[in-house]
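> In order, the protein sequences belong to chains A and B. Start counting at 1 in the first sequence, then tack on 146, and there's your number in the numbering used here. Start counting at 1 in the second sequence, then tack on 6, and there's your number in the numbering used here.
Keep in mind that the hints were calculated from the coordinates and are not lab data. By construction, the Cβ of each residue, glycine as well, lies at the ideal position given by its N, Cα and C atoms. Don't take every hint at face value.
No farther apart than 20 Å at their CA atoms in a straight line, the calculated lysine to aspartate or glutamate pairs in the EDC-like style are these [claimed, not checked]:
hint: 1; chain 1: B; residue 1: Lys-329; chain 2: A; residue 2: Glu-613
hint: 2; chain 1: B; residue 1: Lys-154; chain 2: A; residue 2: Asp-242
hint: 3; chain 1: A; residue 1: Lys-448; chain 2: A; residue 2: Asp-436
hint: 4; chain 1: A; residue 1: Lys-601; chain 2: B; residue 2: Asp-47
hint: 5; chain 1: B; residue 1: Lys-279; chain 2: A; residue 2: Glu-279
Some chain B residues close to chain A (C-beta under 10 Å, calculated; not the full set) [as the list claims (entries may be wrong)]:
hint: 6; residue: Ser-152
hint: 7; residue: Ile-156
hint: 8; residue: Arg-157
hint: 9; residue: Asp-312
hint: 10; residue: Arg-316
hint: 11; residue: Glu-320
hint: 12; residue: Asp-324
hint: 13; residue: Val-326
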Amino acid sequence: MKDFTTLFLALDSTTKTTAKVNALVSYFTKARESDILWTIALFSHKRPKRTVNTRLLREWAAELSGIPLWLFEETYHIAGDLAETIALIIPVNSEDSRKSLTQWIQEIKSLAKTEEEVKKDYILSAWNSLSGEGRFLFNKLITGGFRVGVSKKLMAKALAKHLGKEESEIAHRLMGDWTPDTVSFQELLLSEDFDQTLSKPYPFYLAYAIEGEVESLGDVKEWMAEYKWDGIRGQLIKRSGEVFVWSRGEELINAAFPEFQELLTWQLDGLVLDGEIVVWKEGALGSFQDLQKRLGRKKVSKKTLKELPATMIVYDILEYEGKDIRSLPQSERRQILDSIFNSGEIPSQLSLSEVLEARSWEDLKALRQGARAKDAEGLMLKHSNTPYQDGRKKGGWWKWKLDPYTIDAVMLYAQRGHGRRTNLYTDYTFAVWNAEGMLVPFAKAYSGLTDVEFKAVTKFVNANTLEKFGPVRSVKPELVFELAFEGITKSSRHKSGIALRFPRIHRWRKDKKASEANSLEDLESLL
Amino acid sequence: MAAHKDLLTFNKNGIYCSVAGVYIDPWRKVDKALITHGHSDHARSGSKSYICHKDTLPIIRHRIGKSIEARGIQYGEVFTINGVRFSFHPAGHIIGSSQIRVEYKGEVWVASGDYKIQDDGVCTPFEPIECHAFITESTFGLPIYSWKPIRETIGEMNTWWEANKSLGKPSIISAYSLGKAQNILHNIDKTIGPIYCHGAIIAMNKVLQEAGLFDCDILPVTDDVKNYGNALVLTPGSGINGPWAKRFKQASIGVASGWMNLRGARRRRGVDKGFVLSDHADWDGLNAAIKATGATKVVVTHGYQDIFTRWLCEQGYDAVSEKTLFEGEGSENAEH
Ligand SMILES: [Zn+2]
Ligand SMILES: [Zn+2]
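Chain B on its own, in the form it takes in the complex:
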């Protein structure tokens, strides 16, 4: 039997479409890179040209460089390279995040990038795309990961913030500057008190705001502010342990992450409060998303790929696991 060549394959540079000569989320420098979203493990510098969703464009210009050669396109817009049809579809992960649909001679592959099923009200919600083969992430591909509705978790945050406020204690939440921060800022009860943000989040919000993608009144943390006792302070994880955080006396510290689902992870981070909030799909979400594509072949990356692959094989899928370069086995702190 003649070996059927897969439309998308994994090589040392990234996910490769040999017919079109392009890469999806390459981790090394290539000529043409299609980018699912702006997180640093997916959008890397050094490639000659980039194509991404139009809302990802300002993000990667901010993160990789103003002068990169890059083109932004709309969801659903089809472009053809060497006879291969490409289009971007909402992944619901962060602003601009896309699944990339690749079609050649009637065969359809979809590379999911990172995705979540719940609607966070910030980015365009996930849409299942029918395909023959689906490349899925598996960051939370274990049956212990199951998310509450976002509004419930945000409700816990509101209650916690109120309680801290009544004690005059600042509330600090560690969350990614791109994705989690906007998710929280959009959903949290802004009537409780003022919201201050770390410089990295301020900078990211400015980029999004100038592109008309996100708007929220936030304040920068400065030496002029004498009392943060009623405030919510958002910072990326790096801010919490550094000298920057010292100014928030008596603060209660929370972390917003899917990993906070596990007590061990909460204790390990040594924080006061863990909020289970993720921009990735949980176990049921992954399974439902895969089913909805109608795919028979599934390529599992980015997480607990070996375990999740075995599970999918037992469910009747032709599943294989592939490793991407920039991941350990789902490090507790990383959730891009």
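For reference, chain A alone in the conformation it holds in the complex:
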């Protein structure tokens, strides 16, 4: 695991892309293929199944360090990372095991069906045979979450450099739900016929948010505008009489959306569609909450399928008649898509994304303003000449979202930051006034302030705490913040009766007193 540790430290100690690529390449040159494969998997969040639960890890670490469990938990809360807390809290030693990354992973996996005592023996002896970073990484193999700023794109770049291949080919090869148990290094990265893999999705093209004035994009005639829907980005593959639906997170979501299997009877084959999966009920778009009821299911009941049927709003085609057509310009791909939808029977699970007619940017601005009434988040702008690119690229596609809703709310509770912002109060619960003049909590938010502001709020919290509940403090209701959010729905689970989508702190309203914050009525008027 030494090489892997060195790699991890190198990646962790820089934010510069070139330095990260170099670190990866030099690791690829030294490491054996099975270790490389696992490294790619770990950095793409494909960690092995957890075989030891974290409660046990915490208990054993406290026991080994001779401290009470409460002290371990308090310390963990402040340090924010379990793997790191354990690595630092158990006594230092100078051992350094020579086992490879793959061996460690295989051993951890083999714990799956063993008794607790066997697990404990194994984990304690592993901790004792590792030191410092090695111990930390071993813990990460169990708990997951290698956040080292290695994106898919960066990994593809480094592998392409190492293997002397095109970056786009590597990006494509890395797609899908492979694991090091189902595929070898050779098969994944070097085989000649990888694109014959039936289920393999293409890398998604991701848009940046538009910056500045939309007029700076040039001639409006070169752009195609569509509504931007708030659903799940999906890729629908139909090849050799099989249907696969992938989420942007590269999860196969066939089980959660079985209705797409009805496309098996559709005469077309050898095609890959890109679009937004939404719930479509009684001729109208369902809410994101509706969609969430469909997500993450291994099995969907008949009732749910009937009440919350899913549809894909299709906006692009990446493969047609078995051929990769991603390099064709946007307008030509759209023509092909139009021709498909204009000819013959279209399965009810598919609908075509409407291209918005506009002669000027003013027209588009008006359409964007009207987007919310259509339950859309804003518009997408796509250049008519752009190919379908890999990953997040500037220039061809832009998202042009509506400005968020905002509301002024009073801070009621504050919680210490978990992880990155140790020792600062960074998570706040906010309230608005109800008709009886009471403050009703309605949202939690934890981002949007600068470090300086977080420090100032922390000072306020320390000086104005009313009560402590573990890491949470109730504070004098004095500070007012403007919250921004993307959507609002009724919710019986919340005391306030509403739920916000993506609430975050927009700015600190130092100019406002608590009494000047908004009311629950104001919020309800947005429903």
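Since the structure of chain A is provided, determine the placement of chain B with the ligands on it from the hints.
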């Protein structure tokens, strides 16, 4: 039972000895202030008169003002105010740093100020003082904080500096101008290359040098120097993000602080390298120091006091936590 009045108590001004009418490290203006050391959260301006260790004297004159009424005394020297015996003892934190021993009618209290156990070779090493009650800091009062020997951390710095030098990259380290800077300057391998310092460190070193307390060849950062590629540059944290640091092209930036023990803190500071180097005691150090005093009562301040207090109570101490005014809950950047 008649309430026994504590010899040292906490009030809105600071740590107070009511029998003698003096304060230790007051955070507001008082008549008589006893100062443990020269860091700004302990030595504050505005009091009528100050008593501190003789090596702290030039520091507070530099920081608070030349004209303050202040007296410096030796370690171990006893003076009496209103029947209360006071003496200063080495705390090993920075030059001049002292624990203050307070004795009245056979009862002994010690206020630790800030302290560290490891000998940095710069200041007089920490000495445990027997007492009934010990007021301890707890900046790093969590069991995840455990320091390597100073020479090991300095060894990492030397290696890092050498590596940067071979690439022609300047090595910048952010460290406090009083304490950490001298700790590094004293211990680092000065044969690797030239050492430049930010004006704040130059000024502090000059004060220490004139008092005969510290000596090291360092150079000021100026516009005349064209290439810092082989150099080590020391700066207080404020220098790193400002325009001052722009001149060091391609520099690798390190931070020397106990907080660098945590990956989150390293990432948050956005630096290339974190060196775990502290002028405070780590978890084992705090526990060992408290044990060595023989105290049964412990007052915990300055850090993770609530957690550390609970731990000490479970270890059988009569421990309480007290807050000082000028601290959050151990802000990541502060380590005075
Ligand atoms: Zn201090
Ligand atoms: Zn200090």
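> Decide if the proposed pair is consistent with the structure: Lys-279 (chain B) and Glu-279 (chain A), CA atoms, cutoff 20 Å inclusive.
holds, 15 Å
> Hold the hint about Arg-157 (chain B) up to the distance rule: shortest CB distance to chain A must be less than 10 Å.
violated, 16 Å
> Let's test the interface hint: is any C-beta of chain A closer than 10 Å to that of Ser-152 (chain B)?
holds, 6 Å
> A closest beta-carbon separation below 10 Å is what the hint needs, so does Ile-156 (chain B) meet it against chain A?
Violated, because the Cβ-Cβ distance from Ile-156 (chain B) to chain A comes to roughly 16 Å (cut-off 10 Å).
> Between Lys-448 (chain A) and Asp-436 (chain A), does the CA-CA distance stay at or below 20 Å?
Satisfied, since the Cα-Cα distance of roughly 15 Å is no more than 20 Å.
> So, as I understand it, the hint says Val-326 (chain B) touches chain A; can you test that by seeing if any CB pair is closer than 10 Å?
Since chain A brings no Cβ nearer than about 16 Å to Val-326 (chain B), farther than 10 Å, the hint is violated.
> Holds or violated: the hint that Arg-316 (chain B) contacts chain A, with Cβ atoms closer than 10 Å.
Interface hint status for Arg-316 (chain B): holds (8 Å vs cutoff 10 Å).
> Holds or violated: Lys-601 (chain A) and Asp-47 (chain B), Cα atoms, limit 20 Å.
holds, 17 Å
> Within a Cα-Cα threshold of 20 Å, do Lys-154 (chain B) and Asp-242 (chain A) meet the stated pairing?
Cα-Cα ~17 Å, so holds.
> Does the nearest C-beta of chain A fall within a distance shorter than 10 Å of the C-beta of Asp-324 (chain B)?
Because about 19 Å separates Asp-324 (chain B) from the closest Cβ in chain A, which is outside the 10 Å limit, the hint is violated.
> Would you check whether Asp-312 (chain B) satisfies its interface hint, that is, whether its CB is within less than 10 Å of any CB in chain A?
Where the cut-off is 10 Å and the nearest Cβ of chain A is about 9 Å from Asp-312 (chain B), the hint holds.
> Double-check Glu-320 (chain B) for me: the hint is only fine if its C-beta lies closer than 10 Å to a C-beta in chain A.
Glu-320 (chain B) check passes; min Cβ-Cβ to chain A is 7 Å, inside 10 Å.
Of the numbered hints given earlier, the model fails hints 7, 8, 12 and 13; all others are met.
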